[in-house]
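A.B. asks: Okay, here's what each chain looks like letter by letter:
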Amino acid sequence: MTEPMDIQLVEMSQKGDHCAFSQLVSRYQRKIFSLCLRLLNDFEEARDMTQETFIKAFKHIKTFRKEAQFSTWLYYIALNACRNKRRSWKGRPDTISVDETIEMEDNQMQREFEDKSCPNPMRDVECAELQQLVQSALNTLSTEHKEVIVMRDIQGLTYEEIADSLRCNLGTVKSRISRARLLLKDTLKEVMPDEF
Amino acid sequence: MNSEEHIRELLPLYVDEVCTAEEKIYVENHLSACAECRKELEELKTTIRLVKELKPLDASVDVVRQVEEKIRKSSPFKLWGFQPIPAALAVIIILLLGATLHKYSLVYKYCQNEPDIPTAAPVTSPEKDVVTIAPQETSLQKEEAADTVMSAQKVTKEEKAGRTAAVAKKRAPKSPAPPSSYLVEMEVDNTENGIQALRNLAENYRVKSNQGPENDVFLEIQGQSFGEFMNELQHIGKVSYGLPSEEKMEESTAPAHSSASRLIRIKFNKNR
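Line order of the protein sequences matches chains P and C.
Residues in the first sequence are numbered consecutively from 0, following numbering that gives the first Met the number 0.
Residues in the second sequence are numbered consecutively from 0, following numbering that gives the first Met the number 0.
Simulated from the structure, these hints should not be mistaken for lab results.
Where is the CB? At the ideal position from N, CA and C, for every residue including glycine.
Worth double-checking, as some hints may not be accurate.
Derived CB-CB ranges, DEER-like [to be verified]: (1) C/Ala98 - P/Thr157: 53 to 63 Å; (2) C/Ser73 - P/Asn138: 26 to 36 Å; (3) C/Glu3 - P/Ser141: 42 to 52 Å; (4) C/Asn1 - P/Ser135: 30 to 40 Å; (5) P/Ser135 - C/Ser73: 30 to 40 Å; (6) C/Ala98 - P/Trp88: 49 to 59 Å.
Whenever a hint applies, use it, and build me the whole structure from the sequences.
C.D. replies: This is the structure:
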């Protein structure tokens, strides 16, 4: 049995079908969480912003126009939520907390991420270090440059989808991606010259 | 922008093959001749690869249950964009509108049920600032006709401005209430005899009467005996049914009257 398309689930959600909306949440939560995590570098905040994104989406689902993609509409909401969150921090330093120790109910544990890029356990540490450096380089970019790099190179969105998510034209997206990649290249060359 | 800078800006897009056909040819021609830009292109590819390697880093987060709970817990009004202040204003406006419509529906209903008011146009009396509705017929052969002839309404100046006919009708009492006063002129051979005859008649009809200072008598007649009493007046003298009295009755001489009774001033004149 084929899964219903986004537009079908959206139409059902617009009629108040909570189950249909839950399917949409299930379908997009990882992508939205990943976007939020890369932009905020904070697991808890990223999870909160993911929830907020879906709550806002449900609240305004009736305003969603079907000519746009539901996914880019979600990205638009998530990007705004993350920008607002970052603005509220006011000078809080960027933290990389992708593998920090987190408090659980009765014990402490290392936050675990599914890391498919390092199938060999011997390379885990090396991979983690590499990722830390790349993430650090990413964090040096401005918000608008970071957004396009995350959407294009991590999330794999097309230029058109990025333009829809940012509500800007294709030329602006090209210009931002070009500039962001050049800046990121210069930073990475400095922090990890061996790779170049 | 020189050609080096232009090429440098195009290279990140060239990697993604999103340049135009012209730009692509331009870049490729340049790359074939420029080792530095070829190196730059390789560095860009490395950068993209390193960033893409972050891609599998994916947390096993599941917010479905939390989102469902929040949706369920939140008021449906809030979730569907309920705004308390605009909603409160909307409710107030609806209530005001409803009250206004109700008010005018009552006016309409009242006007539908109300007996006909004399159809003459309102005439303004500038001296006394009153609007008098003058009757069209003067025949008093029938009680109904007499009521019509004698009826009058006084409306204050403040009320007349901008008043619609419907509002004027609304202000009128529902049952045809008697006007405050009528003037009847009676010609008799002997004024004193006439007054005495009138008072006797009033006594027979149990009508309150007070004699005024100027050969006049004030009567207060109950509605149901009004027509008959007025017919009896013709046996005393020649009755002239004029327009309703424009003279204000003095409190001292006019008997106190209830809203269901008619107050009449009968003025006696000698036959010429």
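A.B. asks: Compare the structure with each hint and give your call.
C.D. replies: Hints, verified against the model:
no.	hint	in the structure
1	C/Ala98 - P/Thr157: 53 to 63 Å	holds, 58 Å
2	C/Ser73 - P/Asn138: 26 to 36 Å	holds, 34 Å
3	C/Glu3 - P/Ser141: 42 to 52 Å	violated, 24 Å
4	C/Asn1 - P/Ser135: 30 to 40 Å	holds, 32 Å
5	P/Ser135 - C/Ser73: 30 to 40 Å	holds, 39 Å
6	C/Ala98 - P/Trp88: 49 to 59 Å	holds, 51 Å
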